[in-house]
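A.B. asks: Here is what each chain is made of, one letter per residue.
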Amino acid sequence: MTAVFFMIFLPFVGALYNGFFGMYFRKLSGSIAATVMFGSFISALAAFYINSIAPIPSFTLWSWFPINDSYTADIRLLVDHLSLAMAVMVTGVGFLIHVFSIGYMDHEASPERFFSYLNFFVFCMLMLVFSANLLMMFVFWEGVGLMSYLLIGFWYYKPEAAAAGKKAFIMNRIGDTGFVLAILWLFYHTQTFDITVISQSVQSLDPFVIQGVTLLLFLAVTGKSAQIPLFTWLPDAMEGPTPVSALIHAATMVTAGIYMVTRNHALFNHPAAAFALQVMLVVGALTALVAAAIALGQNDIKKVLAYSTVSQLGFMVMALGVGCYVQAIFHLLTHACFKSLLFLTAGAVIHGMHQEQDMTKMGGLAKKMPLTAACLIAGALALVGFPLTSGYFSKDAILSAVLIKGHTFAWATGLLAAVFTGFYATRVVWLTFFGEWRSPHPPEHVHETPWVMLVPLMILAVFALGAGFIGRPEGSGILYKFLEEAVTQNALAEQLSNAQWLMTIIPGLIGIGLGLFFYSRGQSPQPMVSSILGPIADWFVKKLYIDEIYAFFFVVPTKKIADGCSYLGDQLLLDGFLNSWYPMTSLWGRALRRLHSGYIQASLASFLAGAVALLAYILVRG
Amino acid sequence: MDSSLSAIPWLSALIFLPLVGVLAVLLSDHRNPRASQAIGIVFSSATLLLCIALFKIFPNTGEMALKEAHSWIPSIGAKYLLGIDGISLILVALTALLTVISLLGSWDEFGERSGIFVMLMLSLESGVIGVFLALDLLLFYIFWEAMLIPMYFLIGLFGGPKRFYATTKFVLFTLFGSLLMLLAIAALANFHQQQFGTLSFALADLMKVDLSPEIANICCFAFLLAFAIKVPMWPLHTWLPDAHTEAPTAGSVMLAGVLLKMGTYGMLRFMFPLFPIVISTYLPWLMGFSVVAIVYGALTALAQEDIKRLIACSSVSHMGFITLGLFSFTAEGSLGGTIQMLNHGISTGALFLMAGMIYHRTNTRIIKDLGGLAKSMPILSTIFVFFCFSSIGLPGLNGFVGEFLIMVGAFSVSKVLTAVATLGIVLGAVYLLWMVERVIFGPLKAGGTTPRHGVNPGNVNANANVNVNGHEHGQADFSHADLGHADHGHADLGHADLGHADLGHADHGHADLGHADLGHADLGHGSDHYSGSDVVTRTADRDLNFREFVALLPLIVGVLYIGLHPAPVLDLARPPLKKIIAEYNLKVNQNKSLPQPNGEEGRK
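Chains as they are written, first to last, in our numbering: chain A, 1 to 622; chain B, 1 to 604.
Please note that a few of the clues may not be correct.
[Unchecked claim] Within a straight-line C-alpha distance of at most 27 Å, the following computed DSS-like cross-link-like pairs (lysine-lysine) qualify: (1) B/Lys-368 to A/Lys-560; (2) B/Lys-56 to A/Lys-158; (3) A/Lys-158 to B/Lys-368; (4) A/Lys-27 to B/Lys-375; (5) A/Lys-559 to A/Lys-542; (6) A/Lys-559 to B/Lys-368; (7) B/Lys-578 to B/Lys-56; (8) B/Lys-67 to B/Lys-208; (9) A/Lys-559 to A/Lys-543; (10) A/Lys-27 to A/Lys-158; (11) A/Lys-559 to A/Lys-158.
[Unchecked claim] DEER-style ranges, computed between Cβ atoms: (12) A/Lys-560 to B/Leu-553: 40 to 46 Å; (13) A/Asp-106 to B/Lys-415: 28 to 34 Å; (14) B/Leu-23 to A/Phe-21: 43 to 49 Å; (15) B/Ser-71 to A/Tyr-567: 50 to 56 Å.
None of these hints come from the bench; they were simulated from the model.
None of these values were measured; they are calculated from a predicted model.
Each residue gets a CB set at the ideal place from its N, CA and C atoms; glycine is no exception.
Sequences are here, hints too, so could you generate the full structure?
C.D. replies: As structure tokens, this is what we get:
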């Protein structure tokens with residue numbers, strides 16, 4: 001308990017320190033934030049160890065929200081193998097990224113703000129992971145969203161950064177309505193938010209409720225984990241500093257959706273959730289493919305990696321869609337290592353190139369920064385799923401699970417996405433590190449990454465290459481054993497045949513081969529592909545025009561309707577109606593004014609008339 | 001409670017303490033801004049302290065406590081009846097708090113006219129507190145109308161360029177509804193006389209009156225109209241954006257913070273208990289209207305170009321949430337609605353206050369003319385964004401607690417309406433974050449390092465000319481502006497052509513005071529207004545000063561406290577709501593179990 005407590009609250013304290021006092025000791029802010037994260041990571045390991053001896057019970061931090069007389073939503077931590085596994089990853093990767101950031105943010109004017117946000121993000125993420133009830137999970141689900149908003153907009157004076165932050169928050173909010181409604185619906189039937197209680201009472205729930213709730217929860221996943229149709233915020237989020245992209249938009253926050261579904265797997269295991277699972281499989285497969293395709297056309301190194309993240313999240317969602325939660329978590333963990341590695345190396349390159357992000361203006365950097373290059377290649381290999389790297393095992397686990405469950409079409413989509421992955425990964429490596437020097441800067445200014453940034457890269461590279469062992473052998477490896485208690489899932493019925501197994505590893509290699517074929521020979525950064533595909537290639541460069549489509553169908557109409565409400569509704573109709581009474585009233589006023597002419601004769605006359613009328617009335621009645 | 005404590009007329013003290021303050025301002029030199037402001041703050045703080053004391057001694061049983069009953073107009077049976085329960089206490093405390101804060105926030109904003117301003121604010125406070133404590137309908141009505149007068153003058157004397165239109169619209173709207181309510185009150189008293197032999201306006205008495213369905217329907221509608229205009233519910237809301245846009249900062253804070261809650265409070269306190277059976281048939285419609293208000297209000301907010309108007313429109317949306325909770329009339333929904341009254345008062349009050357601070361520094365509230373404030377005023381910007389998120393309903397802050405409870409309640413009544421209402425949550429993030437993006441983030445546009453006027457003196461003259469048009473004192477403005485030019489460097493120019501830069505001020509340049517006084521100086525001279533939008537010049541931007549920070553601090557604490565530990569506040573409102581709901585259910589169920597003439601029971 002103490003260890004869990006320290007793990008969560010050390011980053012919180014760090015955030016407070018940097019938020020309120022950091023500006024007085026700017027030079028120190030990064031080191032303090034990283035130290036705090038180190039403490040948090042050690043605590044996570046300690047908790048992991050303690051838990052393996054004697055399980056840590058769930059415990060309540062404080063009593064938060066009395067909904068009605070019978071139920072109070074607490075801030076309560078659920079400690080089990082699933083949350084611990086996530087926590088070790090979050091603190092470990094988080095610590096390395098904090099260390100890297102010390103070097104990366106060294107020219108920044110107000111690093112304390114950055115580290116304060118980053119620490120606070122880790123706190124929120126850990127609270128999310130340990131949430132024992134859905135309401136608390138939602139609180140920190142929004143909390144990480146807030147920190148993402150603030151960190152994307154860290155350079156708030158850049159209009160693009162401010163706009164990207166807003167877009168991220170709003171798209172997440174759209175998904176979050178699903179989360180809120182799912183919570184409300186479950187509460188209506190179970191009178192609780194407690195995840196374990198809900199999981200136990202799944203069988204007593206109406207199948208229609210299960211179907212609705214699982215679909216609504218998945219809506220929340222599409223927002224947070226950037227799936228079709230709510231994925232366009234993630235590439236824009238690259239306006240934030242690169243360590244942010246590595247931590248929040250690759251390793252941790254965006255995988256919260258995957259974690260949330262796994263946490264609530266009892267709901268998704270119910271037969272009534274079959275439709276939601278099907279939707280997830282289709283959406284996941286499509287996202288994996290579409291995002292990988294768009295990544296082919298991007299020149300900004302961070303944009304490629306962003307779309308790559310969307311695509312890899314698509315793979316994880318596919319795994320969820322066939323009910324293989326552990327495989328999804330497996331890929332989540334390996335992806336956290338290799339994708340944060342890729343982002344950080346990209347950051348190192350950008351740092352070394354003086355904020356240049358366009359790959360067509362790079363090239364030949366391997367000579368200048370060989371260690372960075374080696375790290376990036378390690379990450380790329382894992383991403384592609386090169387045999388024996390971590391990504392190979394986890395992606396293989398997902399694809400074979402999809403195939404065994406009989407979804408050949410989704411499997412084939414995944415394979416095609418893997419080909420694209422191989423191609424764009426090769427393209428990134430080649431355009432950045434090989435070929436000729438294309439930068440306008442003279443090569444003398446570019447130097448190898450400083451050690452404070454390089455060491456985290458190397459550690460991550462080791463994990464990116466080697467972490468795959470935790471998922472081997474399939475179905476009974478360390479990870480499967482470890483998560484057995486926390487996650488109930490049906491074991492896969494069979495193994496793949498050798499031919500099918502080959503089919504799953506080949507696409508990545510094909511992609512690499514194609515990439516090398518196109519890039520190693522041509523001098524131009526624009527591959528011959530574009531000449532072969534012609535105008536279609538342009539679609540990929542333009543991100544399939546999805547932002548434009550959304551603008552046309554949603555953003556512009558909403559603004560039109562809003563203007564309509566304000567000008568047509570409020571001003572013309574409602575106020576127009578009211579103001580139309582004005583002439584009538586003043587007409588009455590003018591008419592009545594004649595009666596008050598002020599002439600004594602007129603007054604007397606009307607007085608007489610009234611008296612007569614009154615008299616007549618009394619007489620008639622009487 | 002000890003009997004010696006209950007002997008003190010606590011509630012009358014709450015109502016009359018601010019009026020004593022008015023008297024004190026009158027007796028002192030009310031042309032002395034410092035003295036008047038100080039008196040105002042002393043008396044409003046004393047009222048607030050009294051409220052805090054009440055928290056300690058107040059027994060929260062759900063029954064009316066600390067009752068005071070005196071004969072008032074015996075010939076018509078009107079009595080001076082006061083009482084307080086958890087709901088009243090929350091709203092009274094909110095009123096007292098916001099009065100102190102708006103007085104603090106408008107410290108020497110009005111120069112010589114501070115005295116009048118302070119008197120108006122204190123009488124407003126007194127009237128509003130009276131509304132929240134009265135248990136006699138006639139007394140309630142008197143307070144309800146009495147508080148219109150100070151508000152009318154607050155907008156009419158201290159408001160923006162279209163203040164006459166706005167304030168007349170505000171008063172006419174309210175009067176229209178409340179006069180019908182007066183007729184309904186009279187009718188109720190009359191029926192009481194028919195059935196019990198005496199005229200009475202006491203709520204407890206009138207609840208016993210047996211009304212025929214038609215009469216009940218008409219009376220209930222009159223009450224509903226009066227309260228719905230005040231809330232305001234869609235489509236009776238159009239007075240609100242105008243009133244807010246034109247009102248001075250303190251007026252907006254009070255208007256949004258507490259005056260709107262008079263409507264929702266009236267519904268809970270009077271409409272539901274008096275007409276349970278009728279209102280039970282209206283509920284589905286009223287929930288529908290609330291949802292329309294949520295979405296429609298959010299959409300209109302999206303279209304606004306003026307920060308204050310945007311916040312005003314967002315109020316329509318947020319008040320929609322409150323009424324949605326009330327009209328769901330479940331334990332959770334009504335609780336959420338009640339808490340949200342407090343939350344909305346805090347968040348929107350704070351946003352209006354800060355909009356005023358931004359205006360004070362940049363002389364504009366037009367969103368497109370602002371930008372990059374985070375650069376020039378980091379602390380102000382941080383706090384502003386904080387309150388925006390509170391208003392958006394970020395979990396962990398106060399708004400979420402209320403909104404979530406409302407949705408729990410509404411969901412158990414109508415899933416579809418609740419789902420539509422979540423659209424309001426999304427739009428809430430859209431309009432506020434979009435505003436934040438344009439005002440707080442982005443490149444620096446307003447004030448600060450590059451005052452526009454400093455570069456181009458011609459510009460200043462042009463602005464001065466704008467001022468001349470339609471101003472009686474235009475010429476004075478103009479010449480002062482010129483003096484300003486002649487005497488001072490950049491930073492001072494902004495002050496100078498705010499008009500009136502009476503030389504005394506201009507001499508000490510841009511000391512804090514000087515700036516504050518000058519901002520509204522021409523109001524102080526009793527000349528016609530100047531409007532923010534036609535004066536483009538900007539004063540040098542400064543971050544929050546200590547006084548402003550102190551004004552905002554209680555609101556910040558409130559946001560966090562209710563967000564993280566809502567239980568004490570919820571416990572305050574729960575017992576009285578439980579009582580209101582129980583009484584309501586009892587009557588509605590009795591009515592249902594009565595034999596229906598055409599129903600099956602009737603045939604048997």
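A.B. asks: Tell me the hint numbers this structure goes against, listed in increasing order.
C.D. replies: 2 and 13
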